[in-house]
Amino acid sequence: MFQPEYEHRLLGLGETAPRREQLDLRYIPQRALNEWTRDYALKEGRMQQCCRQSRINHEMANNTAFACILRNEFIGMDITSLKDLNPDDLQMNKDNRLYNYGYAGRNAANVIAGGVSTVSPSTQKLLSLPLQPNRKVPKLPYKILDAPEMQDNYYLNLIDWSSQDLLGVGLGCSVYLWNAKTSKVTRLCDLNRQNNLITSVAWHDGGRQLAVGTQNGCVSVWDAERQKEVLKMSGHSKRIGALAWRGHSLTTGSGDGHILQRDTRLNPSDITRDLRGHRHEVCGLQWSPSGKYLASGGNDCRVVIWTPNHKEPLYRFTDHKAAVKALSWSPHKSGLLGSGGGSADGCLRFWNVPTGQLIECIDTGSSITNLAWSQNSQELVTTHGHGYPQIVAWSYPSMKQMVRLSGHGLRVVYLTVSSDNETIVTGSGDETLRFWNVFSKKPTPKSPESILSLHRMMR
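The numbers in the sequence shown follow UniProt numbering, run straight up by one, and end at 459.
Keep in mind that the hints were calculated from the coordinates and are not lab data.
Treat the hints with care, as some may be off.
Said to hold, decoys possible - No farther apart than 20 Å at their CA atoms in a straight line, the calculated lysine to any residue pairs in the SDA-like style are these:
| no. | residue 1 | residue 2 |
| --- | --- | --- |
| 1 | Lys-139 | Val-403 |
| 2 | Lys-181 | Gln-227 |
| 3 | Lys-311 | Ser-290 |
| 4 | Lys-238 | Asp-270 |
| 5 | Lys-321 | Gly-257 |
| 6 | Lys-400 | Arg-135 |
| 7 | Lys-333 | Gln-375 |
| 8 | Lys-400 | Asn-376 |
| 9 | Lys-333 | Asn-421 |
| 10 | Lys-333 | Thr-307 |
| 11 | Lys-292 | His-310 |
| 12 | Lys-125 | Phe-74 |
| 13 | Lys-136 | Lys-442 |
| 14 | Lys-228 | Gly-207 |
As the list claims (entries may be wrong) - Derived CB-CB ranges, DEER-like:
| no. | residue 1 | residue 2 | range |
| --- | --- | --- | --- |
| 15 | Gln-227 | Thr-307 | 35 to 41 Å |
| 16 | Arg-316 | Glu-229 | 33 to 39 Å |
| 17 | Ser-163 | Ser-269 | 26 to 32 Å |
| 18 | Leu-231 | Lys-184 | 24 to 30 Å |
| 19 | Thr-355 | Asn-376 | 26 to 32 Å |
| 20 | Gly-409 | Leu-129 | 42 to 48 Å |
| 21 | Pro-121 | His-386 | 47 to 53 Å |
| 22 | Arg-246 | Arg-316 | 38 to 44 Å |
| 23 | Asn-196 | Thr-272 | 23 to 29 Å |
| 24 | Lys-125 | Gln-227 | 55 to 61 Å |
| 25 | Ser-406 | Pro-308 | 35 to 41 Å |
| 26 | Pro-308 | Leu-129 | 39 to 45 Å |
Quick reminder that beta carbons are idealized off the backbone N, C-alpha and C, glycines included.
Using the sequences and the accompanying hints, generate a full structural model.
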């Protein structure tokens with residue numbers, strides 16, 4: 001849960017500045033160091049922390065360009081672009097003095113030289129950038145659907161949106177399909193007779209077949225158009241909470257700690273691979289867009305990386321301190337994986353999988369239940385278990401919070417992204433599904449302009 005002291009730290013709220021008294025003109029009043037927009041004694045080489053707190057100052061976020069100009073002109077920094085700007089570049093060292101006595105070093109010479117001319121070349125380049133207005137994200141869902149019997153269970157994955165604009169939802173012992181184009185609802189399967197709860201759903205890439213995991217450890221594949229079961233497979237001794245497709249290969253993760261991989265074109269009893277890298281329940285599975293890596297997360301606090309042709313893991317990441325369900329691969333940078341930890345962790349970590357290195361760690365202050373990247377832009381969204389906010393949209397790699405959303409009566413435990421990659425759907429134990437316009441639209445490609453174009457010849 002977000003604690004008051006965390007909110008204080010997140011928003012970057014400083015202490016209230018004291019009121020000024022009547023002072024002699026020759027007297028310089030004392031001010032807090034963090035109130036100065038210039039710091040002549042900025043030291044080089046800060047200690048980089050592997051896991052830094054997320055400090056978002058709304059006023060600074062709205063004036064990032066101005067802050068960069070101040071640092072270029074008065075400190076001698078070389079910030080030429082707001083894109084990929086590291087927030088640490090804007091942090092001021094509180095241990096620095098306002099004035100530095102002694103030898104005038106390189107920075108002082110640059111400041112004096114800059115005072116003769118107008119602005120530095122870095123600032124000129126920064127000011128020449130095209131204006132990019134901040135995109136406003138609606139803070140209310142545009143649609144709310146009732147979802148009776150939706151389980152409040154962190155370890156399950158009960159919603160998934162297909163490429164054919166069908167939303168698959170597991171409610172109790174049944175799976176329903178909601179058509180995004182017609183708003184029509186159909187029941188795909190009903191397992192009430194077997195008293196078998198639905199524990200996971202996942203669409204095939206083609207959007208016509210839906211894999212359904214159940215409480216008794218069986219998984220079935222259903223044809224959505226014909227509403228018919230085409231395949232049923234067993235092999236797990238406990239519930240199947242995670243599913244992931246890779247072509248015709250279906251990977252299942254279970255409470256028994258096993259990860260089974262099977263080719264749906266072969267005999268259902270044939271198991272291609274039995275991966276054993278977790279000590280407890282597997283609750284997260286994600287294939288990379290290239291199909292080169294499989295990431296799995298479990299209740300043993302591990303993130304395990306697998307390759308298609310080996311039974312032994314490529315890497316075991318043990319940095320998280322709680323269960324890891326939230327896993328998502330970046331569609332923009334090959335091998336970039338995001339992972340989020342549960343209640344005792346609350347950290348969002350980014351991994352360079354080809355090298356096995358941790359890139360960055362953000363302490364969100366709350367359990368992370370889901371994570372998803374936008375296909376259209378360098379944005380991602382996280383959902384959280386308790387407290388405010390329940391949903392956070394981030395801009396990567398600066399990791400600035402774009403918007404913070406809430407609305408569910410209970411924790412958000414399910415997340416999926418629409419086929420156009422603009423809408424996210426969140427599910428909760430409050431038995432509702434909420435639709436949010438969070439991600440930006442796909443940029444419209446401009447046709448290349450030829451020198452022989454007709455409008456160029458018209459006068």
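To see whether the hints hold, each was checked on the structure:
1. In summary, the hint linking Lys-139 to Val-403 is supported, as the alpha carbons are separated by about 8 Å, within the 20 Å threshold.
2. Taking the CA atoms of Lys-181 and Gln-227, the gap is about 18 Å. The hint holds against a cut of 20 Å.
3. Using a Cα cut-off of 20 Å, the hinted pair Lys-311 and Ser-290 holds, with the two alpha carbons roughly 19 Å apart.
4. Between Lys-238 and Asp-270 the alpha-carbon distance is near 19 Å, which keeps this suggested pair within the 20 Å criterion.
5. Proximity of Lys-321 to Gly-257 is assessed by CA-CA distance (about 18 Å); at most 20 Å being required, the pair is judged to hold.
6. Between the alpha carbons of Lys-400 and Arg-135 the distance comes to roughly 13 Å, so the proposed pair stays at or under 20 Å and holds.
7. The straight-line distance between the Cα atoms of Lys-333 and Gln-375 is roughly 11 Å, inside the 20 Å bound, and the hint therefore holds.
8. Distance restraint check for Lys-400 and Asn-376: the Cα-Cα separation of roughly 18 Å lies within the 20 Å cut-off, and the hinted pair is therefore satisfied.
9. Pair hint Lys-333 plus Asn-421 holds up; C-alpha atoms about 17 Å apart against a cutoff of 20 Å.
10. Between the alpha carbons of Lys-333 and Thr-307 the distance comes to roughly 18 Å, so the proposed pair stays at or under 20 Å and holds.
11. Under the criterion of a C-alpha separation no larger than 20 Å, the hint pairing Lys-292 with His-310 is consistent with the structure, at around 11 Å.
12. Restraint check for Lys-125 and Phe-74: the C-alpha separation of about 16 Å stays at or below 20 Å, so the hint holds.
13. Simply put, Lys-136 and Lys-442 have alpha-carbon atoms about 16 Å apart, close enough for the 20 Å limit, and the pair holds.
14. For the proposed pair Lys-228 and Gly-207, the alpha carbon gap of about 15 Å is at most 20 Å, so the pair holds.
15. In this structure, Gln-227 and Thr-307 meet the distance hint of 35 to 41 Å, their C-beta atoms being roughly 36 Å apart.
16. Distance hint check for Arg-316 and Glu-229: the Cβ-Cβ separation is about 36 Å, which falls inside the suggested range of 33 to 39 Å.
17. Checked against the hint of 26 to 32 Å, the pair Ser-163 and Ser-269 passes, with Cβ atoms roughly 29 Å apart.
18. Distance hint check: the CB atoms of Leu-231 and Lys-184 are about 25 Å apart, consistent with the given range 24 to 30 Å.
19. Between Thr-355 and Asn-376 the beta carbon distance is about 27 Å. The supplied range of 26 to 32 Å therefore holds.
20. At about 43 Å, the beta-carbon gap between Gly-409 and Leu-129 stays in the expected band of 42 to 48 Å.
21. Restraint check, Pro-121 to His-386: a C-beta distance of roughly 49 Å satisfies the suggested window 47 to 53 Å.
22. A hinted range of 38 to 44 Å for the beta carbons of Arg-246 and Arg-316 is inconsistent with their spacing of about 21 Å.
23. The given range of 23 to 29 Å is respected by Asn-196 and Thr-272, whose C-beta atoms sit roughly 25 Å from each other.
24. With their beta carbons about 59 Å apart, Lys-125 and Gln-227 fall inside the hinted range of 55 to 61 Å.
25. A hinted range of 35 to 41 Å for the beta carbons of Ser-406 and Pro-308 is consistent with their spacing of about 40 Å.
26. Between Pro-308 and Leu-129 the beta carbon distance is about 43 Å. The supplied range of 39 to 45 Å therefore holds.
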